[in-house]
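> Next come the chains, spelled out residue by residue.
Number of protein chains: 2
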Amino acid sequence: MKKIMKQDQDVTKQHNKQMILDIIKKQRPISRAEIAKITRMSATSIGRFVSELCEEGLIRETELTSSGVGRKAIMLDIEPGAIYTIGVDMAKKRISFGIMDFSEAIIAQHRMDHKTQDSTPEETAELICNEMEGMLKQTGIPLEKVVGIGIGMPGVINYERGIVQLSTTLEWKDVAFASLIEKRLQIKTVIDNDLKVKILSEYLYGSAKGSNKTALIGIGTGIGSALIINGEVFRGGSNSAGELGHTTLDPNGNLCECGKRGCLQTYIDENSLIMEARRVKDVSDVRQVFAAARNEERWAKEIVSRTALYLGITINNIVCMYNPDTVIVSGDLVENYREIIDLVEEHSDQVIWEPFKGKFRVIPSELKGEAIVMGAGALAMQHFAPLAGTWAEES
Amino acid sequence: MKKIMKQDQDVTKQHNKQMILDIIKKQRPISRAEIAKITRMSATSIGRFVSELCEEGLIRETELTSSGVGRKAIMLDIEPGAIYTIGVDMAKKRISFGIMDFSEAIIAQHRMDHKTQDSTPEETAELICNEMEGMLKQTGIPLEKVVGIGIGMPGVINYERGIVQLSTTLEWKDVAFASLIEKRLQIKTVIDNDLKVKILSEYLYGSAKGSNKTALIGIGTGIGSALIINGEVFRGGSNSAGELGHTTLDPNGNLCECGKRGCLQTYIDENSLIMEARRVKDVSDVRQVFAAARNEERWAKEIVSRTALYLGITINNIVCMYNPDTVIVSGDLVENYREIIDLVEEHSDQVIWEPFKGKFRVIPSELKGEAIVMGAGALAMQHFAPLAGTWAEES
Chain A
1 MKKIMKQDQD VTKQHNKQMI LDIIKKQRPI SRAEIAKITR MSATSIGRFV
51 SELCEEGLIR ETELTSSGVG RKAIMLDIEP GAIYTIGVDM AKKRISFGIM
101 DFSEAIIAQH RMDHKTQDST PEETAELICN EMEGMLKQTG IPLEKVVGIG
151 IGMPGVINYE RGIVQLSTTL EWKDVAFASL IEKRLQIKTV IDNDLKVKIL
201 SEYLYGSAKG SNKTALIGIG TGIGSALIIN GEVFRGGSNS AGELGHTTLD
251 PNGNLCECGK RGCLQTYIDE NSLIMEARRV KDVSDVRQVF AAARNEERWA
301 KEIVSRTALY LGITINNIVC MYNPDTVIVS GDLVENYREI IDLVEEHSDQ
351 VIWEPFKGKF RVIPSELKGE AIVMGAGALA MQHFAPLAGT WAEES
Chain B
396 MKKIMKQDQD VTKQHNKQMI LDIIKKQRPI SRAEIAKITR MSATSIGRFV
446 SELCEEGLIR ETELTSSGVG RKAIMLDIEP GAIYTIGVDM AKKRISFGIM
496 DFSEAIIAQH RMDHKTQDST PEETAELICN EMEGMLKQTG IPLEKVVGIG
546 IGMPGVINYE RGIVQLSTTL EWKDVAFASL IEKRLQIKTV IDNDLKVKIL
596 SEYLYGSAKG SNKTALIGIG TGIGSALIIN GEVFRGGSNS AGELGHTTLD
646 PNGNLCECGK RGCLQTYIDE NSLIMEARRV KDVSDVRQVF AAARNEERWA
696 KEIVSRTALY LGITINNIVC MYNPDTVIVS GDLVENYREI IDLVEEHSDQ
746 VIWEPFKGKF RVIPSELKGE AIVMGAGALA MQHFAPLAGT WAEES
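Top line first, the protein sequences correspond to chains A and B. Counting from 1, one number per residue, gives the positions in the first sequence under the working numbering. Counting from 396, one number per residue, gives the positions in the second sequence under the working numbering.
With the rest of the complex left out, here is chain A:
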């Protein structure tokens, strides 16, 4: 059943104030008159909301020469230093950090090597908190200006409760990670699956800008997917939608680390490439396979071609299930070896279902390594920035 919520003056007021802040954020700098044109609200109402937002320190007035007539106009802009969030990208072997200001720019970055598997979750949380404190000290940002922390990590994440349900990459099960950070720093923290954070990022800042129906495939040590529709990340019943890697292709196929047979990831992720290569040559990483393929060695070319074929199948299957207008392919494997994407094109006639041909575009990730840090910062902004949630309550 849809929302049962009375709409009264307070709700309406909050809605309109949030809308004005949103317009300033997206079209800054902008004049009061332009806001009036967009919203069709009265000058008096706009004036009142703008004053409130100025008093709260979220926006400021700037003087700009407007392009048309040459005379000076008072414009409104976000106050970038009003608040901050910190975005964190936890990967298998490294953790990346970024401080995001209210204008959603990353103003400081930091990266460190860390094998999460070798530490307890408590140790990792302590380490992350120390690093963040160090970054804030260096940049001179007081702790109380940080309204929230967002963390993207691989695995099945209970994002509402802040629990890592299962992460085979981090080797964690049922870890209440968000509260470890919150307790230590007294800053609200949201954690989420890395690919869900990544697609949010591509939607806000990268390849998927302007597309409201975008799917993302991430290929590296595993394979997964995510989807964003009308600005909302598609989560399914318990935030686990998009677990593409464990869809079954062949009930008698390759054995997967999950214990099932024939999971898609056993045909396409980095491990599967290495396993396949070792039938012929003793390779230690995927780089050697691609080097051999570039060197025209037939066994390696066959492996690369087969990977492209299965990437094509993956794209077909995700398009059949989600019907997006854009598919972003991302992850170490495709970002380091672009030739795979070119090869997918060659297979597309064979693997894409006819009615979908020409109905979507396949593009590489634009943000690459930055995507998760930026998306995690944005996620924290959506959750914890002032006035945030006004919209969420309504929908």
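What the hints contain is simulated information worked out from the structure, not anything from laboratory work. Idealized CB from N, CA, C, for every residue including glycine. There's no promise every hint is true.
Listed next, the in silico DSS-like pairs over lysine-lysine satisfying Cα-Cα at most 30 Å (straight line) [unchecked claim]: (1) B/408 / B/420; (2) B/583 / A/359; (3) B/604 / B/420; (4) B/408 / B/540; (5) A/13 / B/432; (6) A/359 / B/487; (7) B/408 / A/13; (8) B/421 / B/604; (9) A/17 / B/408; (10) A/209 / A/368; (11) A/188 / B/754; (12) B/604 / B/487; (13) B/583 / B/532; (14) A/357 / B/568; (15) A/115 / A/368; (16) A/17 / B/432; (17) A/92 / B/754; (18) A/173 / B/752; (19) B/487 / A/357; (20) A/13 / B/412; (21) B/752 / A/92; (22) A/37 / B/412; (23) A/137 / A/368; (24) A/93 / A/301; (25) B/408 / A/37; (26) B/568 / A/359; (27) B/578 / B/532; (28) B/510 / B/488; (29) A/17 / A/188; (30) A/17 / B/412; (31) B/488 / B/568; (32) B/421 / B/408.
So the derived list for chain A, only partly shown, Cβ under 8 Å to chain B, looks like this [to be verified]: (33) 12; (34) 165; (35) 244; (36) 322; (37) 325; (38) 351; (39) 353.
We have chain A; now place chain B onto it with these hints.
Showing chain B alone in chain A's frame:
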């Protein structure tokens, strides 16, 4: 970007009026006092909206002995005869009709044999219109009380524009079917993919009531799926999400009617069972295969078992992609041969990804043959009933 829409008094008023109508519809009969308790609106406001709804003929007052105190109370109820919609289910060999009243009860039904493939779309539209006129005449419902028609049909349907983009079952391509009906009867018409209509129906009236994250698998002459989240049918970019049947399992697998190899439906739909059986015995339909299996013939048991295995894989793949809390299995194949669902249970350890085990339930369709007629009537109600769209505009 999210909605930019000023909220003013008119919007607020429409919202609250629709909310009250909605509450009466779902909890009828209900008193003004109970509505006040739910909405926390003032008695004056509720009184005003109720008067308007009574004047418009959408609701009526009834006198009921309230259970608690024994004295009579004035209750509010929907006026079932205020308006009607007609729901139509177009299948390969038959067309079913149902007239739905404002209380969303089907008050008249009708079914006819018709092979759509043997007629032009114009002929089929004419036939459907004649049948509907006949039903209205019989029931004494004037044409002008019918606010809309909803039609569910197999295929890729452009539901916003009323166009059948591709239906291999009906053998139609790019047919503007909704406008054929609209022109002939002057009644607004919405068409949609049959499984999307079916899941709406199961959500409103059947197995999925109370579940906000339900997927549906339909298996018969083909295989497809649908998903409903928070009361909204998941449509994807162009209403083609859920095309499960053409996800690829094996690039070297069975040839599919679509021209690709190894599509899921070539392993599990009725055709594939018959093709497989014919390697051993000259069967003409799927009934013979199940009869032989029930008769303990080994070849037939193997086919049924394999079908159950692939149904298990289908369920795993849909759960991985959509992460629903409920999966409804529907369609002639599973509705006529329930033993398949029991067999799926046996395979589930082998085919369901560990983190999802125990996190969802698999249930058969409750409405069966009625589902699409009811869902199509409801779809028309959602689109064309008075005050409908008030919510839609906001979200």
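> If a hint holds in the structure, say so; if it does not, say that too.
Status of the hints after comparison with the structure:
Of the supplied pair hints, the one linking residue 408 of chain B and residue 420 of chain B holds, its CA atoms being roughly 18 Å apart against a limit of 30 Å. Pair hint residue 583 of chain B plus residue 359 of chain A holds up; C-alpha atoms about 28 Å apart against a cutoff of 30 Å. Between residue 604 of chain B and residue 420 of chain B the alpha-carbon distance is near 16 Å, which keeps this suggested pair within the 30 Å criterion. Restraint check: the Cα-Cα separation between residue 408 of chain B and residue 540 of chain B comes to about 26 Å, which is no more than 30 Å; the hinted pair holds.
As the CA atoms of residue 13 of chain A and residue 432 of chain B are separated by approximately 24 Å, the hinted pair is consistent with the 30 Å bound. Proposed proximity of residue 359 of chain A and residue 487 of chain B is supported: the alpha carbons are some 27 Å apart, at most 30 Å. Annotation: proposed proximity of residue 408 of chain B to residue 13 of chain A holds, straight-line Cα distance about 15 Å (limit 30 Å). Taking the CA atoms of residue 421 of chain B and residue 604 of chain B, the gap is near 13 Å; set against the 30 Å cutoff, the hint holds.
A distance of roughly 20 Å separates the Cα atoms of residue 17 of chain A and residue 408 of chain B; the hinted pair therefore holds under the 30 Å criterion. Of the pairs offered as hints, the one joining residue 209 of chain A and residue 368 of chain A holds, with about 15 Å between alpha carbons and a cut-off of 30 Å not exceeded. Proximity of residue 188 of chain A to residue 754 of chain B is assessed by CA-CA distance (about 28 Å); at most 30 Å being required, the pair is judged to hold. Distance hint between residue 604 of chain B and residue 487 of chain B is fulfilled; the C-alpha atoms sit about 28 Å from each other, no more than 30 Å.
Our distance criterion of 30 Å between C-alpha atoms is met by residue 583 of chain B and residue 532 of chain B, whose separation comes to about 19 Å. Only pairs whose Cα atoms come within 30 Å are accepted, and residue 357 of chain A paired with residue 568 of chain B is accepted, the gap being roughly 15 Å. Of the pairs offered as hints, the one joining residue 115 of chain A and residue 368 of chain A holds, with about 21 Å between alpha carbons and a cut-off of 30 Å not exceeded. Taking the CA atoms of residue 17 of chain A and residue 432 of chain B, the gap is near 29 Å; set against the 30 Å cutoff, the hint holds.
Restraint check for residue 92 of chain A and residue 754 of chain B: satisfied, since their Cα atoms lie roughly 27 Å apart, inside the 30 Å limit. Between residue 173 of chain A and residue 752 of chain B, the direct Cα distance comes to roughly 15 Å. Compliance with the 30 Å bound is thereby established for this hinted pair. For the hint linking residue 487 of chain B to residue 357 of chain A, the alpha-carbon distance of about 26 Å falls within 30 Å, and the restraint holds. A threshold of 30 Å between alpha carbons decides the hint, and for residue 13 of chain A with residue 412 of chain B the separation of about 20 Å falls inside it, so the pair holds.
Distance hint between residue 752 of chain B and residue 92 of chain A is fulfilled; the C-alpha atoms sit about 26 Å from each other, no more than 30 Å. For a cut-off of 30 Å, the pair hint linking residue 37 of chain A to residue 412 of chain B stands: about 29 Å separates their Cα positions. This hinted pair checks out: residue 137 of chain A and residue 368 of chain A have alpha carbons roughly 28 Å apart, not beyond 30 Å. A distance of roughly 29 Å separates the Cα atoms of residue 93 of chain A and residue 301 of chain A; the hinted pair therefore holds under the 30 Å criterion.
The suggested pairing of residue 408 of chain B with residue 37 of chain A holds, with an alpha-carbon distance near 24 Å, which does not exceed 30 Å. The suggested pairing of residue 568 of chain B with residue 359 of chain A holds, with an alpha-carbon distance near 16 Å, which does not exceed 30 Å. Proposed proximity of residue 578 of chain B and residue 532 of chain B is supported: the alpha carbons are some 20 Å apart, at most 30 Å. Distance hint between residue 510 of chain B and residue 488 of chain B is fulfilled; the C-alpha atoms sit about 5 Å from each other, no more than 30 Å.
Only pairs whose Cα atoms come within 30 Å are accepted, and residue 17 of chain A paired with residue 188 of chain A is accepted, the gap being roughly 24 Å. Using a Cα cut-off of 30 Å, the hinted pair residue 17 of chain A and residue 412 of chain B holds, with the two alpha carbons roughly 24 Å apart. With a CA separation close to 18 Å, the supplied pair residue 488 of chain B and residue 568 of chain B stays within the 30 Å bound. With a CA separation close to 20 Å, the supplied pair residue 421 of chain B and residue 408 of chain B stays within the 30 Å bound.
Interface restraint check for residue 12 of chain A: the shortest CB-CB distance to chain B comes to about 5 Å, inside 8 Å, so the restraint holds. At its closest, the beta carbon of residue 165 of chain A sits 7 Å from a beta carbon of chain B; the interface hint therefore holds under the 8 Å criterion. With its C-beta approaching chain B no nearer than about 7 Å, residue 244 of chain A sits inside the 8 Å limit, and its interface hint holds. With a cut of 8 Å, the hint placing residue 322 of chain A at the interface with chain B holds, because the nearest CB-to-CB distance is about 6 Å.
Against a cut-off of 8 Å between C-beta atoms, the interface hint on residue 325 of chain A holds, since the closest Cβ of chain B lies about 4 Å away. At its closest, the beta carbon of residue 351 of chain A sits 6 Å from a beta carbon of chain B; the interface hint therefore holds under the 8 Å criterion. Restraint check, residue 353 of chain A versus chain B: the minimum CB separation of about 4 Å is within 8 Å; hint holds.
Hint check: no violations occur; every hint is consistent with the structure.
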